[in-house]
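Peer 1: What follows is the residue order along each chain.
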Amino acid sequence: QVQLVESGGGVIQPGRSLRLSCAASGFTFKNYGVHWVRQAPGKGLEWLAGLSYDGRNKYYADSVKGRITASRDNSKNTLSLQMNSLRAEDSAVYYCAKDRTVRSLDWIFDSWGQGTLVTVSS
Amino acid sequence: QSVLTQPPSASGTPGQRVTISCSGSSSNIGSNTVNWYQHYPGAAPKLLIYTDNQRPSGVPDRFSGSKSGTSASLAISGLQSEDETLYYCATWDDSLSGPVFGGGTKLTVL
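Note that the protein sequences, when read in sequence, are chains P and R. Heads up: the first sequence is residues 263 to 384, going by my numbering. Heads up: the second sequence is residues 279 to 388, going by my numbering.
Each computed BS3-like pair below joins lysine-lysine, with the alpha-carbon atoms no more than 30 Å apart:
1) P/K320 with P/K292
2) R/K324 with P/K305
3) P/K292 with R/K324
4) P/K338 with R/K324
Hints were generated in silico from the structure; no laboratory data involved. These numbers were taken from a predicted model, which means no experiment stands behind them.
When you get a sec, could you build the whole thing from the sequences and use the hints?
Peer 2: Here you go:
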């Protein structure tokens, strides 16, 4: 079955950088778009970034554009999220999610990981 | 503030039918299809309904979705104790050029 496992979270000081990873299995990773979504404490879900199946097309939420970079390695079935200049408001559980449609982005997230917690604090 | 508006809470008794609303605008729900996610805290969110009213394989037919104008609804019939959790609506927003979520509704089974 589809499995997405995030890693890389932890406590990080404001202003520092952090790289999150997501290991995918159970499906043909190179055929599907993937996304990053976060949930801050007590808040709802927030989409951050989406990548096409081949990684050529990347989309970012305005709220984080310029501070994050999403990438994927189809040879390793992994997705990454580089986050820079971290702020307290970036504290959240970060999820990776798989797009539903083969070789297209339909912005429907049909499988999710369990998330990795990032806490930005001095 | 979330782009899509959901009631923060909803409740029902076992066996009852409950609905959760999701209100948006012409730039999101009014021109795009709606998806619903079920999320147990600490677990991976789960796609419950997509494209307004389609159920992924494995989702019981007790769950149904509908949309009218700039609002959408998730209905849960034959309410069960295990339905007690958080539900989020989501859709694409043409103005923001990205997917947006509702703030989530906490469903309590009394």
